[in-house]
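Number of protein chains: 4
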Amino acid sequence: MTFKVDFKVRDYECDLQGIVNNSVYFNYLEHARHEFLAYKDIDFAALAEQKINLVVIRSEMNYKDSLRPGDEFYVEVEAQKESKLRFAFYQKVIRKHDQKLMLDAVVTGTSVNERGRPFLHQEIERLFS
Amino acid sequence: MTFKVDFKVRDYECDLQGIVNNSVYFNYLEHARHEFLAYKDIDFAALAEQKINLVVIRSEMNYKDSLRPGDEFYVEVEAQKESKLRFAFYQKVIRKHDQKLMLDAVVTGTSVNERGRPFLHQEIERLFS
Amino acid sequence: MTFKVDFKVRDYECDLQGIVNNSVYFNYLEHARHEFLAYKDIDFAALAEQKINLVVIRSEMNYKDSLRPGDEFYVEVEAQKESKLRFAFYQKVIRKHDQKLMLDAVVTGTSVNERGRPFLHQEIERLFS
Amino acid sequence: MTFKVDFKVRDYECDLQGIVNNSVYFNYLEHARHEFLAYKDIDFAALAEQKINLVVIRSEMNYKDSLRPGDEFYVEVEAQKESKLRFAFYQKVIRKHDQKLMLDAVVTGTSVNERGRPFLHQEIERLFS
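Chains as they are written, first to last, in the working numbering: chain A, 1 to 129; chain S, 1 to 129; chain F, 1 to 129; chain R, 1 to 129.
Hints are computed from structural coordinates only; laboratory data are not their basis. Some hints here could point you the wrong way.
Since copy identity is lost for identical chains, a pair holds within one copy or between any two.
As the list claims (entries may be wrong) - Simulated pairs of lysine-lysine, DSS-like, Cα-Cα distance not exceeding 25 angstroms:
| no. | residue 1 | residue 2 |
| --- | --- | --- |
| 1 | Lys-51 | Lys-84 |
| 2 | Lys-8 | Lys-51 |
| 3 | Lys-64 | Lys-96 |
| 4 | Lys-84 | Lys-64 |
| 5 | Lys-51 | Lys-92 |
| 6 | Lys-100 | Lys-51 |
| 7 | Lys-64 | Lys-51 |
As the structure is a prediction and not an experimental result, all values here were calculated from the model.
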């Protein structure tokens, strides 16, 4: 089963080209990842409070087509362990009415402690269970 | 000579981890690219008015370290023609006080007309002159 | 009947204080207004395409309490004609789990044509029907 | 002497109407206030780290005209003590090339401690010195 989060484009997310601004896709992907974490009982904000920060170290995004005002879409999330300290999220943005792929992305993250050193909190192990 | 734009982190760009949110780097990179276009006498907003849209088709970003409230930094831009219809921007985000590389990125773009078809306006040729 | 739109706080909307940034409430209010317009069959983006722009001329916002990561809430919208060319939106942000009022606002708008002159498109009359 | 911060509109701040989105003025005003605080040796982010939060309780904004792509402008800040626990910021957004007033605003704030109770840190007294 692939994890999905539903969205609808909000007008303020569109730029002077009349389409969703490129940076906003990062917001969509992040929100979908955090909902996925919550689903796995991992609380991003609570971890941040404890100074354990999940951070992105690399993103690759392929923009296939542009979302427009009012478009409904969903974001898919799949997680995969890359190494002891790295995990990758495979994400797709799909427009609802025609199931068109708008963007696909791979976002690689790790977990760091207060001093910015790699640190895999056991809570994060749940990501792959 | 490498084109550079100066920035300073604004508090509202920081998220609950107390660091600049990942999506905001995309804003920084975009603003630097548009300043670079302006320097080459290419007006992104005016082209959009004419329904000629410069669009990003791929981005690769490597996050090396996190910008924090008040940090001063600059963004470098170098453009390279990839094919008849594609151009790549090589971009770096450098923190000023210690010249530390915070992020490097390759952003690939193209130019499309009103119907979303590839169309290289002659104005854009200036990018490589 | 009061028009309502459901929302959930997204982590990227929170700032370094760990709460939703003040500017984001403007986004929430705007999105709720545009959904209200759509419900009244007024298409903000399509009007903008025709160079008829609905613009805000004044906002008053009272911040009562702060939304936090994961909070679910809704935004209420009521519209009232203020004069021939002005309309006011009375808006409230209400946290779901305890029905607490987080923010109330009055946003006054008008409609302008291509040259920025007041112009009340008949489509907008629907707002008060 | 009135405190001023220089800005230039960035294209990503513009929405599908081709003008700066209303919510973005709140970002501009906030950044100018925080620069003003820094000038008075008050560190907003450091206070937030100590769980002392400067919060906005009311904003009134009058939108006079719209900033457009590439516009240069500055934001003025004047602070005034309203009561023992409240302070008001009088702010103006002025377009540079013709000194046109684009927006004026009054933003009222207070300071709260970890439990959200009013608490005026002595550092904040500097605001009025």
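Evaluate Lys-100 and Lys-51 at a C-alpha cut-off of 25 angstroms and name the case that applies: within, between, both or neither.
For Lys-100 and Lys-51, only the inter-copy Cα distance (23 angstroms) is at most 25 angstroms; the intra-copy one is 39 angstroms.
Within a copy, between copies, both or neither: where do Lys-84 and Lys-64 come within 25 angstroms Cα-Cα?
between (32 angstroms within a copy, 19 angstroms between copies)
Copy assignment of Lys-51 with Lys-84, given that the CA separation must stay at most 25 angstroms
Within. Shortest intra-copy distance 20 angstroms satisfies the 25 angstroms Cα cut-off; inter-copy 34 angstroms does not.
Pop the pair Lys-64 and Lys-96 into one bin, within, between, both or neither, using alpha-carbon distances up to 25 angstroms.
Intra 15 angstroms, inter 35 angstroms, cutoff 25 angstroms: intra-copy only.
Have a look at Lys-8 and Lys-51 and pick one of within, between, both or neither, based on CA distance no larger than 25 angstroms.
Between. Shortest inter-copy distance 24 angstroms satisfies the 25 angstroms Cα cut-off; intra-copy 32 angstroms does not.
Copy assignment of Lys-64 with Lys-51, given that the CA separation must stay at most 25 angstroms
between (36 angstroms within a copy, 19 angstroms between copies)
At 25 angstroms max between alpha carbons, let me know whether Lys-51 reaches Lys-92 within a copy, between copies, both or neither.
Neither, since 30 angstroms and 27 angstroms both go past 25 angstroms.
Hint 5 from the list above is the single one not met by this structure.
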